[in-house]
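One letter stands for each residue in the lines below.
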Amino acid sequence: MIRTARFGTAARAFGVAAILGMALAFLDKVALQGTLMLAAVAATAIAADISSRLPDWWVVVVEAALTSLVIGLVLPQGVVLLPYLVVPALLAGHLSGAFRVFVVMSVEVLALLAVLLVAGMLEESADLAEIVGPWLLTALGVGLVSARLRVLRGGAPTESDESYEAARRLLSQLRTVARRLSSGLDTVTMSSHLLASVHQHLDDTHAAVFVRTDGGILAPLGFRGTSAREALKPEGYLIDKCWTEMEPAYDIQASGLANRRHRIVLPLRVGSRMIGVVVLDRPSAPVPKAVHDLMREVDEHALRLDAALAFDEIRSIATMEERHRLAREIHDGVAQEIASLGYVVDDLTANATSDTQRKKLNALRGELTRVVSELRLSIFDLRTEVSAGLGSALSDYVREVGARSGLTVHLTLDVAPVRLRGEVETELFRIAQEAITNARKHSSATNLWVDCRIQPPMAQISVRDDGSGLGVGREDSYGIKIMRERADRIGARLDISENAFVGIAPGTSVTVTVGAEEPALA
Amino acid sequence: MTTPHTVVLVDDHELIRQGLAHAFDRHDDFAVVGEAGSVSEGHRLVNDLKPTVVVTDVRLPDGTGLDLVRELRKTDDEVGIVVLTMYAGDEQLFEALEAGASAFVAKDAPSDDVVAAARHATVSPRSFTAANLADAMRRRMTPSGPQLSPREAEVLRLLAEGLGVAAIARQLFVSESTAKTHISKIYEKLGAANRAQAIMNAIRAGLLSDDSPV
Chain D
1 MIRTARFGTA ARAFGVAAIL GMALAFLDKV ALQGTLMLAA VAATAIAADI SSRLPDWWVV
61 VVEAALTSLV IGLVLPQGVV LLPYLVVPAL LAGHLSGAFR VFVVMSVEVL ALLAVLLVAG
121 MLEESADLAE IVGPWLLTAL GVGLVSARLR VLRGGAPTES DESYEAARRL LSQLRTVARR
181 LSSGLDTVTM SSHLLASVHQ HLDDTHAAVF VRTDGGILAP LGFRGTSARE ALKPEGYLID
241 KCWTEMEPAY DIQASGLANR RHRIVLPLRV GSRMIGVVVL DRPSAPVPKA VHDLMREVDE
301 HALRLDAALA FDEIRSIATM EERHRLAREI HDGVAQEIAS LGYVVDDLTA NATSDTQRKK
361 LNALRGELTR VVSELRLSIF DLRTEVSAGL GSALSDYVRE VGARSGLTVH LTLDVAPVRL
421 RGEVETELFR IAQEAITNAR KHSSATNLWV DCRIQPPMAQ ISVRDDGSGL GVGREDSYGI
481 KIMRERADRI GARLDISENA FVGIAPGTSV TVTVGAEEPA LA
Chain P
1 MTTPHTVVLV DDHELIRQGL AHAFDRHDDF AVVGEAGSVS EGHRLVNDLK PTVVVTDVRL
61 PDGTGLDLVR ELRKTDDEVG IVVLTMYAGD EQLFEALEAG ASAFVAKDAP SDDVVAAARH
121 ATVSPRSFTA ANLADAMRRR MTPSGPQLSP REAEVLRLLA EGLGVAAIAR QLFVSESTAK
181 THISKIYEKL GAANRAQAIM NAIRAGLLSD DSPV
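Chains as they are written, first to last, in UniProt numbering: chain D, 1 to 522; chain P, 1 to 214.
Calculated directly from the structure, the hints in this document are not laboratory data.
By construction, the Cβ of each residue, glycine as well, lies at the ideal position given by its N, Cα and C atoms.
Heads up, some of the hints might be wrong.
[What the hints assert, rightly or not] Sample of chain P residues at the chain D side, in silico, Cβ under 7 angstroms:
(1) H13
(2) L15
(3) R26
[Stated by the list, open to error] With a straight-line cut-off of 27 angstroms between C-alpha atoms, the simulated DSS-like cross-links for lysine-lysine are:
(4) K360(D) / K233(D)
(5) K74(P) / K233(D)
(6) K185(P) / K233(D)
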């Protein structure tokens, strides 16, 4: 309100000053009188704005009408006043957008015509149109420009509306981009592209991409070259230096003269923000020009990578909400209905007249209980999150499943305190869930071994059972397809096999490994 | 037969209430006197009818049945409360226990289990019963904090016994540098900067029992 009033005051004061200047230059008495009247109108409008008792918009409409009346009265001598027609249009555009600019312009034209009609000057209208026309058009143009500027600066006045508006724009752009890109916004592929383009310029022996995660930790996204995983760690003064300066950092890693390595850390920056680093070693010192040229490409990659990371995050939030919704739907719908059917069967059983009847009803009750237990576990699956960390989520889940099925679960955990990226944790957890569910439902196993080793960037979860093995049709079954898709999404390797070592029964083994080998370069 | 125990059922699914009502009808010692579909309605009914047992669902349209349990338990130690749920998970069971329920039954159990739980609740409303309660208790006792590998657990035990790096290496037939690696891993996992801290944190996390010589 105050800011709008200040803008209005400035525009009006400038308008009055401009025409006053011209009226004085021509020393025209009528024009001077007209200027005084317009100044009075402007002063009233400013006062009305500041008092805030009237809506700004109505002040502008009345002002437009009065301005046109005054100008109409002093025509044709008062032509110097015509530029002031611009002021109401400008204010209308500034306040409320293009549509209201047209309204104000209509008011101005109507008021002018009305005055000319009353003053009986319509015969001269053709001459007058030549003088007034250009100024009316100018006023319209200025009004529309200011309306456009209003849209550009965010339009709506409150800060939260503006950020929603910005978010909406970004999301629709993201949607377009995600649809257009053939590979979608896939962080793993993007990081291999980035590493490929770095390799092309700098001919490194090995390189790694690290990105910043929620906890502020640098998590590896991709490696290139042999022994990259051992040689390149997301720590050290070079990374710190690169992070604070947001410029490439370079040093010699002194490990004996014979195999001296030259280490370079490239910043992944988006605007004034760091999202990660590329760390690489090469046998000789880099040419500064090559690094400089490369940075332009790296900046582009960084931007894309940032978008992909944001997209990952949004996707996982959306998936989580959808899973919770599904859980609610099953819980409130089909699960309750089947449970109540169970009670109906209990009633029938109690009133059974023969033993055969009772036997059949008992079998039916057993089946219903099994279905409801299955649904309860599905609800539990859908509601379980890895918020407390993959290790503890997995151990809770395995315990729960062990408690509710006939399986004896053997769990070994080797979990470092450093966490993986959130999306990676979620996908690994879902893969393990799926593997455990498959074992429980289809394998008729008695033992289940779950081994979980998390040493970021590496993680490996294996789920083994001593059941009936893969059998026919399981290899390409739905559950396995979903596991493969999940593994692909985080660049993990999924191995499914029958194993002979658990004794007589073949058993199935599902192992998912992430970060242990370099992802294939696309 | 003395006067039957009065029961109020709280569940937003009518078919479930019907099924339970039939189940209680089959038993002469129970009479369902009221049915409610929400926390507030349940609360009102219980206050008006003063039943001996309340059977309540957990997820209700206007809140959780556990709130109702807490609310009732605050003023009444005598009323039997059976929590009935579709949710799986030990967490639900312990929440019901802590809210002051007398029994916990899953919705996949036969309706006679609900009646049996209600009967238990009338006898001893301030004790707690549930299927697999012992298993759940045992699972709860198992720590879920930092997880050490078997080798690290061994090293931790030796550390707690006061052995130095060299002695630990000798005991485990490994090189000193390997022992050092294990120790630094343990420190890292326990978020400790030195031996004393590591041992304290390990005890807190249940990885060492208090009576280990420190």
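Results of checking the hints against the structure:
1. H13: Since chain D brings a Cβ to about 4 angstroms from H13(P), closer than 7 angstroms, the hint holds.
2. L15: holds (4 angstroms)
3. R26: This interface hint holds because 5 angstroms falls under the 7 angstroms limit.
4. K360(D) / K233(D): Not satisfied, since the Cα-Cα distance of roughly 64 angstroms exceeds 27 angstroms.
5. K74(P) / K233(D): violated (56 angstroms)
6. K185(P) / K233(D): holds (16 angstroms)
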